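Here the protein sequences come in this chain order: A and B.
Heads up: the first sequence runs through residues 730 to 1146, numbered per my numbering.
Heads up: the second sequence runs through residues 730 to 1146, numbered per my numbering.
Hints were generated in silico from the structure; no laboratory data involved.
Since the structure is predicted, the reported quantities are computational estimates derived from the model, not experimental observations.
Incorrect hints may appear among the rest.
In this list, chains with the same sequence are indistinguishable; a pair is considered to hold if it fits within one copy or across any two.
[Stated by the list, open to error] In silico PhoX-like links for lysine-lysine, alpha-carbon gap of 25 Å or less:
id: 1; residue 1: Lys787; residue 2: Lys854
id: 2; residue 1: Lys854; residue 2: Lys731
id: 3; residue 1: Lys731; residue 2: Lys898
id: 4; residue 1: Lys1105; residue 2: Lys966
id: 5; residue 1: Lys999; residue 2: Lys1041
id: 6; residue 1: Lys870; residue 2: Lys787
id: 7; residue 1: Lys949; residue 2: Lys926
id: 8; residue 1: Lys924; residue 2: Lys870
id: 9; residue 1: Lys756; residue 2: Lys802
id: 10; residue 1: Lys802; residue 2: Lys766
id: 11; residue 1: Lys896; residue 2: Lys886
id: 12; residue 1: Lys802; residue 2: Lys966
id: 13; residue 1: Lys1112; residue 2: Lys787
id: 14; residue 1: Lys731; residue 2: Lys802
id: 15; residue 1: Lys924; residue 2: Lys830
Number of protein chains: 2
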Amino acid sequence: MKAEIISIGDELLIGQTVNTNASWIGKELSMLGIPVKRCVTISDDENEILVSIDNALKSSDLVIVTGGLGPTKDDITKHTLCKYFGTHLEINQVVLDRVTKYFTDRGREMLDVNIQQAALPFGCKVLDNFQGTASGMWFEKDGSILISLPGVPFEMKSIMETLVFPKLKELFNVSAIFHRTILLQGIGESYLAEKMKDWEDRIHNDGFGLAYLPSVGSVKLRITSPNGEDDLIKIEKYFDELTTELPINVYGRGEESLNEVVGKLLIDKKLTIGTVESCTGGALAASIVSISGSSNYFQGSFLTYSNELKNKIVGVNKSDLLNFGAVSEAVVLQMAENGRQKLGVDFCISTSGIAGPDGGTEAIPVGTIWIGIASKEGSFAMKYNFGNSRERNVQMTVLSALNLLRCTILGIKFKIK
Amino acid sequence: MKAEIISIGDELLIGQTVNTNASWIGKELSMLGIPVKRCVTISDDENEILVSIDNALKSSDLVIVTGGLGPTKDDITKHTLCKYFGTHLEINQVVLDRVTKYFTDRGREMLDVNIQQAALPFGCKVLDNFQGTASGMWFEKDGSILISLPGVPFEMKSIMETLVFPKLKELFNVSAIFHRTILLQGIGESYLAEKMKDWEDRIHNDGFGLAYLPSVGSVKLRITSPNGEDDLIKIEKYFDELTTELPINVYGRGEESLNEVVGKLLIDKKLTIGTVESCTGGALAASIVSISGSSNYFQGSFLTYSNELKNKIVGVNKSDLLNFGAVSEAVVLQMAENGRQKLGVDFCISTSGIAGPDGGTEAIPVGTIWIGIASKEGSFAMKYNFGNSRERNVQMTVLSALNLLRCTILGIKFKIK
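Kindly produce the complete structure, drawing on both the sequences and the hints.
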């Protein structure tokens, strides 16, 4: 079983868009145990498309094609597939009804080009797109499969997850590579590798693979087993060890995100939260709210970006703002405590820092961040420094704040720095 | 003149690393007027590498290969290139001296694998790497050029910028492709194509290329000219026409984002803003604050996710919440107007909607969003429906709200739906 990915789009070749579709598909197919042997990116050019799909179908069992399914003139994938598979376009009534509804629901006018989105190659299996107007298509030829999908990432992912992966699993009885993932926050990859060296050696000695998958502010560790499901119990034991060793850092297993983990905890314990944000400017609340069902625990926030509003809206002491500055323990503590009262919540998280790239001083350099947490047991604050990148500072602050809240809810003690 | 990019590395195929090298090289070569016809990603496999470089050299004048030049066992690009070009590795003394110095300077031990980094294919032109230990290589065959570079992005970029681009310019007297981009919000790709059909035809008749680059909530249009800088004035005239035709939608040109455009307007006019958010839960404020220097205009926000806080904190009338519901014109108008007073800002934007995926009713389905804007001239509200995806609803609301604000500041009138 071998797969190839073909990405179609001039915007990819001229570097205007980074090809994240290919890496996502590569990752998901690998997880299913279907190795991707090659990714090819080409322009919206008929001959290029014909040559590439022919090459791919001759050497691979599965070919995933993305892009070129939009309604505009430069999108020619559908016509080219008709040419290659010797078929023609026909209006698919079911798809036309859905596309029509898509426009009606949004109160938008339906144009002729939109109707053409329902014209699909006769004989292919249509893969319904519930997120947009470009359907996916499933072709088979000489025992190989070609799947054509829209290039818009969330439409492509939705069709892959709901229709393509289940069908591939059923057809190929693919033996997924057995793997388990554990999730950590607030610890560097190299520090982790150094600290857990013996643990890692034992994993390798057991014949397992271990991969570090770092991203901003967190690290995923993936243990893979070539043998089968029995090993999964062994892997979970390794994870238990890591959790005992690093309770502050290990926040979950599998595919959970930290805001989901925190959300589940709050729902379980019937607790509510709010935030008072300065440097994160709403990004912390937005991360909490991005989880469906967050209205069960998230009540609201004050974003007090200016010092004036810190005083006027959440009642931070003017003299403390003057004496200690907005980026100080005294100020984040008042933000959290007063915010908790005013929002009427069980927990309130506050943030204040210098996100950068400008605005630092010798005493308080760019990247200095204070996070405060208030609960009915009292309040505390932690100081961090995350460096010079504005975007990274906000991301790191959001993750650190969520993890602080997680530990607070669970009663895991921090050493106050 | 045609180019092809070959990226070598298992980590790219399994999606552990996104292939940003290919997009960077594609962008830079396009700018130089060298069109990239194809990008291929393959694993560190001798046969795959041999087949791919042979194919590429047969159809392209320039082949850029990245990756597989590290000191570990899985890096086989150098050996494979020797095999393909019928040569052998020889220690290059100049490179060896530099690699030795690299280790001495960092106080690190020089291992045998590091010495092997100075073994390079006899007969190729060596491209010095001053950022790492893997040299670049320049081969020529039957009039085509193959350049092999390390996969570490900053090493690759450094060699490209200092050695490869200057040499390519000298050799090929390349004329850069001229292009300009215009940015639109709140208009679908298909609607735009239909509405601007004549305009598009004239662009094609002038011998220009036109590409639609859609993303969630916005569309970029790129016009390219093969002729030279004189055409840029013509292109700007086409953009002026589009701006006159669609003043509500066209928000900028080039590489600006909507939050930057709005930020510059606010700084220019010395105006301040704040938000009162419900369904966006801070994402609107976070987008505004992600721009460095936003503290000049952004003061703060109330995130009133619960109805109780809508009343308690920003004083939305309880009976209006009861009679019209939180997702209503009456409520977003009060949120914007009262927020403007309490935050002491020139403009206040409010949002309230059903982000989904649950929580809709027949009267107010998932995806219904109200956005309100209050200024000293008065206030108004607009209703939208963006569909079922929670993430997309938030993104669309943020972009629509920023664009409403832009139009309001500029005095561009909306038809109230």
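What are the numbers of the hints the structure violates, in ascending order? 4, 8 and 13
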